[in-house]
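Asker: Below are the chains, spelled out letter by letter.
There are 2 protein chains.
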Amino acid sequence: MATAAPNTMEIDCINTIRTLAMDAVQAANSGHPGTPMALAPVMYTIWDRHLSHNPVNPSFANRDRFVLSCGHASTLLYGALHLTGYDVSLNDIKSFRQLNAKCAGHPEYRHCPGVETTTGPLGQGLGNSVGMAVAERFLAAHFNKPGFDLVSHRVIALCGDGDIMEGVGMEAASLAGHLKLSNLTWVYDANKITIDGGTDLCFSEDVAGRFEASGWHVVTATDANDVDHLDSCMQEAFGHELPTLVIVPSRIGYGSPNKENTSGAHGAPLGEEEIRLTKEALGCDPSQSFHVPSEVKDAMTQKALEQGAATENAWNEMFERYRAEWPAEAGQWDDIQAGRLPEGFDAELPTYAADAGSIASRKASGVALQSAAAAVPWMVGGSADLAGSNQTLLKGEDAQSAETPGGRNVFFGIREHVMASIANGMALSGLRPFVSTFLVFSDYCRSVHRLSAMMGLPVIYVYTHDSIGVGEDGPTHQPIEHVASLRSIPGLTVIRPADANETTEAWRSALARTDGPTALILSRQGLPTMDPDAVASATGVHRGAYVLCETKGGDPQIILMGTGSEVSLCMEAAEKLERDGRRVRVVSMPSWEMFETQDAAYRESVLPASCRCRVAIEAGATFGWERYVGLDGRVIGRDDFGASAPATQLFQEFGITADAILNAVSEIE
Amino acid sequence: MATAAPNTMEIDCINTIRTLAMDAVQAANSGHPGTPMALAPVMYTIWDRHLSHNPVNPSFANRDRFVLSCGHASTLLYGALHLTGYDVSLNDIKSFRQLNAKCAGHPEYRHCPGVETTTGPLGQGLGNSVGMAVAERFLAAHFNKPGFDLVSHRVIALCGDGDIMEGVGMEAASLAGHLKLSNLTWVYDANKITIDGGTDLCFSEDVAGRFEASGWHVVTATDANDVDHLDSCMQEAFGHELPTLVIVPSRIGYGSPNKENTSGAHGAPLGEEEIRLTKEALGCDPSQSFHVPSEVKDAMTQKALEQGAATENAWNEMFERYRAEWPAEAGQWDDIQAGRLPEGFDAELPTYAADAGSIASRKASGVALQSAAAAVPWMVGGSADLAGSNQTLLKGEDAQSAETPGGRNVFFGIREHVMASIANGMALSGLRPFVSTFLVFSDYCRSVHRLSAMMGLPVIYVYTHDSIGVGEDGPTHQPIEHVASLRSIPGLTVIRPADANETTEAWRSALARTDGPTALILSRQGLPTMDPDAVASATGVHRGAYVLCETKGGDPQIILMGTGSEVSLCMEAAEKLERDGRRVRVVSMPSWEMFETQDAAYRESVLPASCRCRVAIEAGATFGWERYVGLDGRVIGRDDFGASAPATQLFQEFGITADAILNAVSEIE
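Line by line, the protein sequences are chains A and B.
In case it helps, the numbering used here puts the first sequence at residues 659 to 1327.
In case it helps, the numbering used here puts the second sequence at residues 659 to 1327.
In case anyone wonders, no lab produced these hints; they're calculated from the structure.
Treat the hints with care, as some may be off.
Claimed, not checked - 25 angstroms max Cα-Cα, derived PhoX-like pairs, lysine-lysine:
id	chain 1	residue 1	chain 2	residue 2
1	B	Lys850	A	Lys838
2	B	Lys803	B	Lys838
3	B	Lys1021	B	Lys1053
4	B	Lys850	A	Lys1053
5	A	Lys1234	A	Lys1210
6	B	Lys850	A	Lys850
7	A	Lys850	B	Lys1053
What the hints assert, rightly or not - Label-pair restraints from in silico Cβ distances:
id	chain 1	residue 1	chain 2	residue 2	range
8	B	Pro716	A	Gly1239	55 to 63 angstroms
9	A	Asn749	B	Pro1000	58 to 66 angstroms
10	A	Asn1321	B	Ala1259	19 to 27 angstroms
11	A	Leu963	B	Asp1298	33 to 41 angstroms
12	B	Asp1298	A	Ala1267	21 to 29 angstroms
13	A	Ala1267	B	Tyr1260	41 to 49 angstroms
14	A	Val714	B	Gly1015	32 to 40 angstroms
15	B	Glu1262	A	Glu1311	26 to 34 angstroms
16	A	Val714	B	Asp1298	25 to 33 angstroms
17	A	Glu1311	B	Gly929	24 to 32 angstroms
18	A	Gly1002	B	Glu931	41 to 49 angstroms
19	B	Ala799	A	Ser747	52 to 60 angstroms
20	B	Thr880	A	Pro1000	50 to 58 angstroms
21	A	Gly1212	B	Thr1197	48 to 56 angstroms
What the hints assert, rightly or not - Here are some of the chain B residues that sit facing chain A, going by a computed Cβ distance under 8 angstroms:
id	residue
22	Glu824
23	Ser832
24	Cys860
25	Gln1256
On a predicted model such as this, the values are computed, not experimentally measured, just so you know.
Idealized CB from N, CA, C, for every residue including glycine.
Here chain A stands alone, though its shape is the one from the complex:
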């Protein structure tokens, strides 16, 4: 390892990664060749010399996690996966960016073996890597026992200028430094080139200085092509007690006579002629495309497979001994790996009698969370500095920190964006994360919801202070469009419960969901607990919408529907209308997404097509409710911003009242 003489085999391996990237992008006629060409030596160093993994089992629990935060450089990862023996064939690489190909434009989790997280939106991979590093430390604290280092892996993320500039990446760096995540290494591709040109157009930070000020160790490489040098940089990183940034001064499009070190190498195919010139310059055969020299494949694959098998076999053998000695812990470990919750996880969730009175759904949520967390020891999460308001501080549990690595309360700081991104990372490593802030600040982590959904991660977003019910804090703190806009995200289940019992069921649903995220939308203000004897069971939540209260006789003439705090207004209006001899049904609709997955017969049973006198009410944007009220119905809501005043006044002022429902009914008729 300490030789300075060029190692031909290494150069061949590195150039194979480069040429595969060039050829794949050229064949697809789109993609990003420059970064893979530049970082092939880094990738080779990490994957051939350091990464502990088993290519035949990408799920090996104690594998090192490699995150390609600069996801546009996907061919770099695909090349490494192919060469180390993952189920990524040369044909897969040849079909880069084609429909249903494993090798998508950006790496997609669950889509291509060995891809640890879906990346592309910049900075997200860094946030994910922090979550993975927290998870590693947490799992080690909980599961490792004397003689049993069950959990002892590293998290390595590769990132570019975009990741480093994005606020979410900066938040990630700040929190990782604070948490002293010694198991975390970021390799920063400092190529000084962005799409618009040189980084000097917009970026002149002393990045090393910034990271050091944030509690990181920094290693600055001097040569992006010297494998032994890069190797020693990585070793220094892995050995340090702080998270470490390795800065690599690469040259984008390395080897390309006309495009190296230009933004022209970033996001477009090099072109056939330039590829030919580049291959010549690199000493590769320009007449061949997608060429993998057999000795390269043999060497890299064989080494990775042998080491992988040995590593996993040793670990498996250790785990069997562990199971004998620590059966309860081993059972929990199995659950985590399988994405299961413990038997009876929801047995102790609270229920509320009619006399429970007025309870804010955020409070009922807090009670449910405490119960769930007691049953599921790997629920870990917290708030962006609103734990008390969000009711998400786990009682009797430590803060997550270097001193208490098993701490389940993560204090994310006032960093909503990376909070959510970290939750994705924790979920990817098997934890059941929950994160929380005011609903209005879901905007700050907006981009993460869709990644949770795209990856099918059961992250629970706890969003409190869900409407103008926020009151005096005013329009900047009052969500209006937020429930609608969360509903528009594919794969995200949004639940806005109407009272304490619905809140319990909302939590039960969120916990039971293993294939995607859930957003719980919770009130600041107290909500009356509906009498369980007088209305339908709150288990109706699991069908998304249900007949909460049926008219006393015959088919309904009128359907009133709503969610959350407005359901009680429907009940109030229905009572008045029934007293006037009208037949009124009240439908509680806590989750549109869950309702949409019910069969047509159930949906028709709740909202019969024949009944067109429909009024929906929700203290927020009316947007989207026409799906359920149609052209003939009415929606009561608020399509402008809120105001600073006591909440009860605002509901009156903005006409979100039972009287407004009565008026709407009379308008329709």
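Could you slot chain B onto chain A? The hints should help.
Answerer: Using the frame of chain A, we list chain B on its own:
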């Protein structure tokens, strides 16, 4: 100024700011007293000794801009406004947080005189301040002439730990440092307390180090209560050639015997008893509430009014001489101050004939932007490192930088969030900003749209790559829910034009709008230019939706509607249906918001209630389209994520085709 002896008048002024804050929060029974109590000396120092402004004219063009980024400390600002003679009475402060009060929970622009920007969502004020500082420098470069320092003001932002931790604040710092904004000063309230407890829970940055690494000058105050010391810190800041951070080690809730330096002082009233104790400790009369000693009011108000009048009078006198010497520039200046565009600003916007062929709407947008920018010299903007793709680089214009302060092309770097926040700041200072990125990354600046809208700022958001038409980059880069979720934001006008001519009209509309933001949603791929002789005029865009192509005979039986790239699919389907003898109307609906502002008669004329066979198509979430198709119609779109493949294949694969429209029609019938 250099005396070390305590100045009783100063102390009285400072304590008045403190007690007003305590009393206002107590009366409202909600709010944030701790920071105003801590920062009253800082506020006094800035407002009494440094701020150049004229309280009787909050719009005085060359005033210093003061931004309270920690907007929850609003009573600090209200106190200063009251004491310096703004139209903010003691009664206004007494009605803090009540409906329609000037003194809202968080400061609201246009709502309370002297409030420069709406703050509350943390970090936004910092972004705004960068925009204001860029605007100051830009306007100085364009308007100042020898002997005429028309523009020479400072931008000062007060911020707390939240602002410093938020990614958007970090992005703002990074870009401000790069841009060397010497006119910018941030005062950082380093009180080491957040809502959840001490900052040591989540934050251990060397903030000074981080800012120095980002190109800032840093001044660390040693005493948060010594006005002379604070004064010299501010002087050092104002005199430096770099943006400067002044770190003030304050104690939250200063003066409160039981709550000082605790998170208990942050976000709740102190309580009557604690207020009494605090007033005693501060040497104030505990028997009085909302007490403003007459000598305090006299001293601060008189000084501010006198200086303000003198400053503005001198400036006005200078401006009259300027007008005589530089009449054209003075005219432009008037336009900027009035929020007007130059006469004929849209005269040169392009139009396209039928033979223009296929043009991506982002390309047509680029042409329109160049034309508009030539006519409006104070259009300034750029992209988050996608200027080429977004087509938003102004030709022949400089980059905004310290060396070229008049540069109109802002290279925001890969920092979408602060890009938008900066645009708000630029708009607040009179510029007409445009910002751009891929539509999918509108998520990263999500929270800013609503602030643009709430403040009524004519920011133009240029969002390209608007659908699965993105193609090979795959689901992370393909917007699905984004158009729907932007539509759900109150006050934001969303326009998705169908071809090059509609794109021109979309730009005309966005430019003409002076009271709020517009998001232009533009295609990556080419769109056929509709034959102006065969379809209705694209000026229909200004009504939001219009009958693009009417059935050849009688009333329509079928209405097909869509936006953007899907309008041509409607045309194709309509042609087939008409050939089959059906009467079909095609409605282009580029902007729901503009359509909703039309009168009922026009809306009925476009979408007659009697016609219920309606099909809508849009390459994105179907969410919300039921507003126009009702319970009986159909919506064709994509309610799941996209995929990585050539775009034309994706439209087929996901069934966003003319055939799908035909099928939907037959399903309805």
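Asker: Now, for every hint given, state plainly whether the structure supports it.
Answerer: Going down the list of hints, with the structure as the test:
1. Lys850(B) with Lys838(A): 19 angstroms, holds
2. Lys803(B) with Lys838(B): 22 angstroms, holds
3. Lys1021(B) with Lys1053(B): 14 angstroms, holds
4. Lys850(B) with Lys1053(A): Between Lys850(B) and Lys1053(A) the Cα gap is close to 24 angstroms, so the pair holds against 25 angstroms.
5. Lys1234(A) with Lys1210(A): 13 angstroms, holds
6. Lys850(B) with Lys850(A): Violated. Lys850(B) to Lys850(A) sits at ~36 angstroms, over the 25 angstroms cutoff.
7. Lys850(A) with Lys1053(B): With a Cα-Cα distance of about 24 angstroms, the restraint between Lys850(A) and Lys1053(B) holds, given a limit of 25 angstroms.
8. Pro716(B) with Gly1239(A): 55 to 63 angstroms: 58 angstroms, holds
9. Asn749(A) with Pro1000(B): 58 to 66 angstroms: Roughly 59 angstroms apart at Cβ, these two residues keep to the hinted range, so it holds.
10. Asn1321(A) with Ala1259(B): 19 to 27 angstroms: 23 angstroms, holds
11. Leu963(A) with Asp1298(B): 33 to 41 angstroms: 36 angstroms, holds
12. Asp1298(B) with Ala1267(A): 21 to 29 angstroms: 26 angstroms, holds
13. Ala1267(A) with Tyr1260(B): 41 to 49 angstroms: Violated, since Ala1267(A) and Tyr1260(B) (Cβ atoms, about 30 angstroms apart) do not stay within the stated range.
14. Val714(A) with Gly1015(B): 32 to 40 angstroms: Given about 53 angstroms between the Cβ atoms, the range is violated.
15. Glu1262(B) with Glu1311(A): 26 to 34 angstroms: This hint holds: roughly 30 angstroms between Cβ atoms.
16. Val714(A) with Asp1298(B): 25 to 33 angstroms: 31 angstroms, holds
17. Glu1311(A) with Gly929(B): 24 to 32 angstroms: 29 angstroms, holds
18. Gly1002(A) with Glu931(B): 41 to 49 angstroms: For Glu931(B) against Gly1002(A), whose Cβ atoms are near 48 angstroms apart, the range 41 to 49 angstroms holds.
19. Ala799(B) with Ser747(A): 52 to 60 angstroms: About 58 angstroms separates the Cβ atoms of Ala799(B) and Ser747(A), which means 52 to 60 angstroms holds.
20. Thr880(B) with Pro1000(A): 50 to 58 angstroms: 54 angstroms, holds
21. Gly1212(A) with Thr1197(B): 48 to 56 angstroms: 53 angstroms, holds
22. Glu824: With a minimum Cβ separation of about 6 angstroms from chain A (threshold 8 angstroms), the hint on Glu824(B) holds.
23. Ser832: Since chain A brings a Cβ to about 6 angstroms from Ser832(B), closer than 8 angstroms, the hint holds.
24. Cys860: Interface hint status for Cys860(B): holds (4 angstroms vs cutoff 8 angstroms).
25. Gln1256: Violated: closest Cβ of chain A sits about 16 angstroms from Gln1256(B), beyond 8 angstroms.
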